[in-house]
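Trainee: Protein chains in written order, with our numbering: chain L, 15 to 269; chain D, 15 to 269; chain A, 15 to 269; chain C, 15 to 269; chain P, 15 to 269; chain E, 15 to 269; chain U, 15 to 269; chain X, 15 to 269.
Everything labelled a hint here was simulated from the structure, so no lab data went into it.
Computed from a prediction, not measured in an experiment: that's the story for all the values here.
Please note that the accuracy of each hint is not assured.
Across the chosen pairs, the derived CB separations fall in these ranges [as the list claims (entries may be wrong)]:
id, chain 1, residue 1, chain 2, residue 2, range
1, U, Glu104, C, Asp112, 51 to 57 Å
2, X, Ala101, E, Ser90, 56 to 62 Å
3, U, Ile181, X, Ser21, 20 to 26 Å
4, L, Asp117, D, Asp125, 51 to 57 Å
5, P, Gln126, A, Pro179, 27 to 33 Å
6, X, Ala81, U, Ile181, 15 to 21 Å
Okay, derived cross-link-like pairs now, DSSO-like style, lysine-lysine, Cα gap no bigger than 30 Å in a straight line [to be verified]:
id, chain 1, residue 1, chain 2, residue 2
7, P, Lys100, P, Lys165
8, A, Lys100, D, Lys100
9, L, Lys100, U, Lys100
10, X, Lys134, U, Lys134
11, U, Lys165, U, Lys134
12, A, Lys100, P, Lys165
C-beta atoms are modelled at their ideal positions from N, C-alpha and C, and glycine is treated no differently.
Each chain, letter by letter, is given below.
Number of protein chains: 8
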Amino acid sequence: MDETRLSLLLQTVADGSLSVENALSRLRGLPYETVGDFATLDHHRALRSGFPETIYCESKTPAQVAAIAGRLAQRSPRLLGTRASKAHFEAAAEQVADLRWHDLAHCLWLDQEPDRPRRKGVVLMCAGTSDLPVLEEAALTLDLMGHRPHKITDVGVAGLHRLFPHIPAIQQANVVVVVAGMEGALASVVGGLTNAPVIAVPTSVGYGASFGGVSALLTMLNSCTSGVAVVNIDNGYGAGHMAALINAKIEEIMR
Amino acid sequence: MDETRLSLLLQTVADGSLSVENALSRLRGLPYETVGDFATLDHHRALRSGFPETIYCESKTPAQVAAIAGRLAQRSPRLLGTRASKAHFEAAAEQVADLRWHDLAHCLWLDQEPDRPRRKGVVLMCAGTSDLPVLEEAALTLDLMGHRPHKITDVGVAGLHRLFPHIPAIQQANVVVVVAGMEGALASVVGGLTNAPVIAVPTSVGYGASFGGVSALLTMLNSCTSGVAVVNIDNGYGAGHMAALINAKIEEIMR
Amino acid sequence: MDETRLSLLLQTVADGSLSVENALSRLRGLPYETVGDFATLDHHRALRSGFPETIYCESKTPAQVAAIAGRLAQRSPRLLGTRASKAHFEAAAEQVADLRWHDLAHCLWLDQEPDRPRRKGVVLMCAGTSDLPVLEEAALTLDLMGHRPHKITDVGVAGLHRLFPHIPAIQQANVVVVVAGMEGALASVVGGLTNAPVIAVPTSVGYGASFGGVSALLTMLNSCTSGVAVVNIDNGYGAGHMAALINAKIEEIMR
Amino acid sequence: MDETRLSLLLQTVADGSLSVENALSRLRGLPYETVGDFATLDHHRALRSGFPETIYCESKTPAQVAAIAGRLAQRSPRLLGTRASKAHFEAAAEQVADLRWHDLAHCLWLDQEPDRPRRKGVVLMCAGTSDLPVLEEAALTLDLMGHRPHKITDVGVAGLHRLFPHIPAIQQANVVVVVAGMEGALASVVGGLTNAPVIAVPTSVGYGASFGGVSALLTMLNSCTSGVAVVNIDNGYGAGHMAALINAKIEEIMR
Amino acid sequence: MDETRLSLLLQTVADGSLSVENALSRLRGLPYETVGDFATLDHHRALRSGFPETIYCESKTPAQVAAIAGRLAQRSPRLLGTRASKAHFEAAAEQVADLRWHDLAHCLWLDQEPDRPRRKGVVLMCAGTSDLPVLEEAALTLDLMGHRPHKITDVGVAGLHRLFPHIPAIQQANVVVVVAGMEGALASVVGGLTNAPVIAVPTSVGYGASFGGVSALLTMLNSCTSGVAVVNIDNGYGAGHMAALINAKIEEIMR
Amino acid sequence: MDETRLSLLLQTVADGSLSVENALSRLRGLPYETVGDFATLDHHRALRSGFPETIYCESKTPAQVAAIAGRLAQRSPRLLGTRASKAHFEAAAEQVADLRWHDLAHCLWLDQEPDRPRRKGVVLMCAGTSDLPVLEEAALTLDLMGHRPHKITDVGVAGLHRLFPHIPAIQQANVVVVVAGMEGALASVVGGLTNAPVIAVPTSVGYGASFGGVSALLTMLNSCTSGVAVVNIDNGYGAGHMAALINAKIEEIMR
Amino acid sequence: MDETRLSLLLQTVADGSLSVENALSRLRGLPYETVGDFATLDHHRALRSGFPETIYCESKTPAQVAAIAGRLAQRSPRLLGTRASKAHFEAAAEQVADLRWHDLAHCLWLDQEPDRPRRKGVVLMCAGTSDLPVLEEAALTLDLMGHRPHKITDVGVAGLHRLFPHIPAIQQANVVVVVAGMEGALASVVGGLTNAPVIAVPTSVGYGASFGGVSALLTMLNSCTSGVAVVNIDNGYGAGHMAALINAKIEEIMR
Amino acid sequence: MDETRLSLLLQTVADGSLSVENALSRLRGLPYETVGDFATLDHHRALRSGFPETIYCESKTPAQVAAIAGRLAQRSPRLLGTRASKAHFEAAAEQVADLRWHDLAHCLWLDQEPDRPRRKGVVLMCAGTSDLPVLEEAALTLDLMGHRPHKITDVGVAGLHRLFPHIPAIQQANVVVVVAGMEGALASVVGGLTNAPVIAVPTSVGYGASFGGVSALLTMLNSCTSGVAVVNIDNGYGAGHMAALINAKIEEIMR
């Protein structure tokens, strides 16, 4: 029951054409019907964050992805599909004009307002070249949500000197995203160098006992540095989203 | 090499009593000796966050904890020891006047400036009464770092109606900490209701296949809601610290 | 906002003392305030199933359990606390007259209407004597929810002949609960002998590689027999509750 | 030893042509030979449930599946092969006229009495589009066993408002099947909204640490909501079968 | 239905006082009633192997163990209770005269025919002193089942020379039981030296990543030597029983 | 140093052409050089068991397998390559005349004495059609080692009546091999019906949480039936080899 | 800030054109800028060990590998890319003249000084032919780092006699690398025969429950032999590198 | 058969009192009897490394430990018992005069030549105070094997500046032992700073998902730094032993 219908109901009570008893009876079912309210709320959220739902393409057929993308593109200037294959993209591109493909991040995306301003404040780092696909998924997510991350790549802990020139940037960040596979120790080291909250993303990169990223995941969860929280293995999208929420919150409060 | 010694060195160069070559030679070793600088930086961090190092008491002897606590209390008005036993507390209390014991959180703590103001903006929730010890560890951490969390308890997803009155508070928060054991689904539900970043803490509460919190941990890592990041099982301290960093960052920027 | 207040609001609209606009504004917050409705619903559920909330005592202090039990006993003639210790019971017994202790099931319980009739239709089996505590937790749960289970004990698959005399009972059941540790094969065998749905409960009984019940859990999840669903390790309460829901549903429909 | 042979034996005893002693000796072996009896029983079960054995196609060769399907189709108007490939279907279709292929569920099936009536009472839900293949496997199983499930799709907990319009249907169900991947929290939320027993099916959908469905499986096993039991990962067939048994039991008792 | 009742039934058919039809009707239920036959068979087995059921004491109360032991002792001269505590023994000793306690193996046992002959042919080895409790459980099991194992202790693979003097004994055995913790490599080495089947028992002895015996278990399952089969972690009883069955089978056939 | 060279050395000592001291010096190295002795022993073993080494083809290149097969075929009339691909077979068939391919078991094999007699006494069972490849690997192993197994297929515990006609065969066996996937309960049930030792082989057949055979493996390790020992997942070869050793031992002793 | 710039700064202080205060201010940032020092250090290390960085090719695109290889080849006569595919090699070979491909080890490599001398002292062993790819990766690593390993292959513990002729070589080694899959027992046996440190490499070779090398990994970590340390599963490169460091250290000290 | 007996045998051949044939017959058994040779070899090893066998006390009774310690103390001036309890020590101290107890390392030990010189070259580090017991076990092992480690404590990666003053010591070491719990990242960081081989020891220190050290173990196995090898969780003894072997090897070669 949306606001219009509720308003009509109240008017029929006000003008006596509906008894209080009957109105009460209709309203009794309200909590389950007032989806409109929630949806409005949700819609507000979309407006505020500048970004609607994302399509998780893996386990969906190209036809399903295309249908969902088509529907979303009608009500939003931006769109993101993660874990997509080329087949997903090609099917969706027939439904959505200007749809783009990100080869490294395996994402399909749309941005019909490419020139709106982006916020600064997010630092996005990865330990090795092999972690780049996950970093790029996070970067694309941040971009579509209105943030321009400062990227730092290939700064694994095996050569700390590569990390040092970047310490000022890390210390001035609002939030830092650290992407790392193998033993994932970079998150702990970075967390020790800054007061910014650190979002850690384990990747499934590594020799045998990395167990598809479990090793890096455990490292990050057990970080001896406080101020580190973790998202799922290879979940660049989730990390980008989390960083965007934090960065947007700061912006929002500042106004 | 601290700033005083560096200043002296430069003066001896300036007055000609030390050749450029010799000064260069001494400075070559600098990166390893300038620990003072890092410590200063660290000290600055402590001042800014209002909080020094924390003692992880588990696996330490009471005597070790007492010695560390005594040393820290000399240079800070605040102190926190997590995963402490009564024996840890009693040994430390002989070294540190006014040391306090938190029975539910199993923490020892000191605050010699109890009246300094606390920041609002952190919501701290737990799913059930059994999760209270972890929630209290987070609350104490936040308090000592200068934040006053809004606590919401016993709002498990098995009865969603208990959660609903708290939605406005959740939507106005800067950051939300969700503590939950068993299946840990509360984090996903809360994440879907707010734009605030959510820090999720799995607890080791539950029947057999909760595997000491692994079940809740996996639930939270796999949340279908974006904007959720996770800390270690039962790590109320880590969640409180992370939330404090985010909340402080907002405050800091606002100035 | 409960029904009384809603009725008053509608009347003020009907008699013109509240404008439609203002009424709309108040109702906008409704979805979050109508907790009363949900609670009513919940209350109805309690009346229907004849059973209120259960206290999971593990990880709660005796004082917490006593307080919750005291509050629940005021509005319900029946009460169940699972995973309780003697200390939990003793604290609670000071708050709740006639509270009882079940030594094998490690439960505290109250039933002030012991003579109300119980429904037939549930068969409750276990493979070995070591599984009895879990079976008794299920039996107590069923009893308090209004069902009288038919118990069959010590019928492990190592001696199939012990199972055979019970086949008629198994085939006439509305629902069968099978409790088994070690390799947990009993659920598959029973499932193959009946058209009744089988609720399987793995127990943490066994030598080394039973891994606290994981072995039996996996056996039951992988049952080659269809018509078997599984609850958590040692979760007699959950199995009893599930069986009671199914059996009550049949009764309910029959009327 | 089937009934005919047993009848003959008794007649030879009755007419004196076989001594009691010799008859006794022959009957001593009976428990192992009276497979006929069990088969009869089994046959009765098939008649009652309206559904014979199902072929689990994975790990079988197309030729094996075709042979089994051919044999089953001779004595039953209905047939189901799960986890089938197109190759399985094509081989079997040469043996079984009118065999059908379900593309989303990866099943081959036959129903030569498509118009017989179906029972109502089963609600079948899934959290996301990616869970549809498992939901469809359950739906097909239910259909072939004589039930017409009410399907609700794409109601994940990240947006609770999508779930609310369906609450009345959920509360009126005899049994609810919940299919969900990622963190699988939907089962707990649904279980808290209804008195119907809930059969939960974890799916292998999700980012890294979903571990092929283990995360959702653990969530469901550890549900803080009572009245939830779990089947194997991606096992739509098992959930459909379990729900059919419960729903049929209700029907059966009602007569 | 036991043999006496079956004989009576046949006689009433033979003398015409029961019609064939009625007899047939009674016999239809036979498969479930003829438990007596199975029990007889079972009894035969007990006589042949010289050993009745064993009590797994863990998870049973002292009172339960005492009751079971008392009942078993009435019909058998031998008795074994594994995983027993001193409390189990003391309770049982009040019911069973001459009951004995094995301190290293944590077993209670009875043998009222200590002088009956034992069979040779079983070699029983362990890698280190820490494995002795498990070896002794196996040895006691073998003794009570009528076998006298040749024991070889402390022959870990870190010092192969300690193993060499025992090679002739290993090569002449009918069956070899190898008990080993830590990395459990002894089973592979022994398997490579003999044509006798090897029963391997992993033990829960070892530093951190032995994971309570899982490491040794996996080693033994993955043995590059053929002719090795494995029982559960610390399951000396199971290994002894298996070896006794093999050794008895050889004896049995030889007659 | 083989026997011939040792004999020569002793003769040169006997005839005085080599001093005791020099002979001693040469013999000092003996323990490392007398590999010949071990090889002889090994050779004896091969003769006795009628079977040489087996090639584990997985992880080997076709060229490596072909080379090894060629070498083995020169000194033995029998040959077995497990886990082979068609490519392995084709490469090896160029080196070894009469080499054969077993399509279901994925083995390459050679038997140039197909008519030598086979021993009876081994029963080889599997629970479902999907387990056939593993059963056939065991059967081929047994055949090449000189045993003719009695095969029983498709006797899963979901329909116990299918198992019953085979009980006499199971009870007369010297050793029983049970192959089963999914929940693997068949081993426990069979173990309860016979005094013969049971070798259990878990297979990697099953829905999600079968975890590639781990579920069946744990079931079998935790069997409540004594007299069951386990080999690796899908290791039909290992089970066949173990059964052959036991059966041969019985034969050997009987002579 | 490299040495040149630091020298200039000091000179401006010395000639009075920069105040001490200003110089101090610039130097305050020094610890983060003096990366040049670390890089120099690193460069020294490369010179000393004769070997620069290695490219881990897995998870990198051919184009990325080619770019990195091209850059490295400009400043080093040697190059190694592990876990490479043919596609990686082909792309890189267009950038780097004389680049080589190692088919068994799946490595791309370059050595423009093939004749420089190699150090002795490393023994490199594997248990079976299937372990050869990992052994060859270690061998190639050692070769490029300036060591000539003594290779011993196919000496699994199932036939100890194959190991014995190699004991003198093992006892004279500076360091031994043991590569083994399946149960990985070879490391323990070798460790017991020598005073040389043993580097153990588990491989992912084996039947089902080898779990991709976890079984061998655990075996090696739990070795009852002291003097064994372990690298990651299939990590021949890591083992070769570790052995080279130890062997080089000995050489280095000897000078 | 030791050398004396072998010499006598050869003399009887030389003087004709034993025929070549009979001598050959006796020698045929030699490989199994020449344990003396191996023992001699072993004895040599003990002399060379200056250290006999160590007693792993856990899972042994105090009486067993006392007996073994007494026997070892008769033939060696040094003795080490790891994982000991006070009860182990007290029992052993009655057998061995001057036996000592190390409270932090939980070791019993004896050194009757405390003044013999120790070798330099081993650096022994730990990340936190909680790791000290494991570090001390390694230190004691090194001391008894003749090495004097340079200890560096409390240098976790959360504060890199604490590590920097120790870099020169780390770079000059022959071998470095790194002990760390929680996320165990210190090993990677240290490995990147030195050419010395690094032996990493994970400890069981940490919050929930450290899983008793598994997290640190995986971190170390997956180190992105080459030149790191790992021993078992909490295995300070193993790390000390490994480091001693490497350091001794260098010394040995230098002579």
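Trainee: Compare the structure with each hint and give your call.
Mentor: Now the hints, each set against the structure:
1. Glu104(U) to Asp112(C): 51 to 57 Å: holds, 52 Å
2. Ala101(X) to Ser90(E): 56 to 62 Å: holds, 58 Å
3. Ile181(U) to Ser21(X): 20 to 26 Å: holds, 23 Å
4. Asp117(L) to Asp125(D): 51 to 57 Å: Since the Cβ atoms of Asp117(L) and Asp125(D) sit about 54 Å apart, the hinted range of 51 to 57 Å holds.
5. Gln126(P) to Pro179(A): 27 to 33 Å: holds, 32 Å
6. Ala81(X) to Ile181(U): 15 to 21 Å: violated, 32 Å
7. Lys100(P) to Lys165(P): With Cα atoms ~26 Å apart, Lys100(P) and Lys165(P) stay inside 30 Å; holds.
8. Lys100(A) to Lys100(D): Holds. Lys100(A) to Lys100(D) sits at ~23 Å (cutoff 30 Å).
9. Lys100(L) to Lys100(U): holds, 23 Å
10. Lys134(X) to Lys134(U): holds, 25 Å
11. Lys165(U) to Lys134(U): holds, 12 Å
12. Lys100(A) to Lys165(P): With Cα atoms ~46 Å apart, Lys100(A) and Lys165(P) exceed 30 Å; violated.
Comparing the model with each earlier hint shows violations of hints 6 and 12; every other hint is respected.
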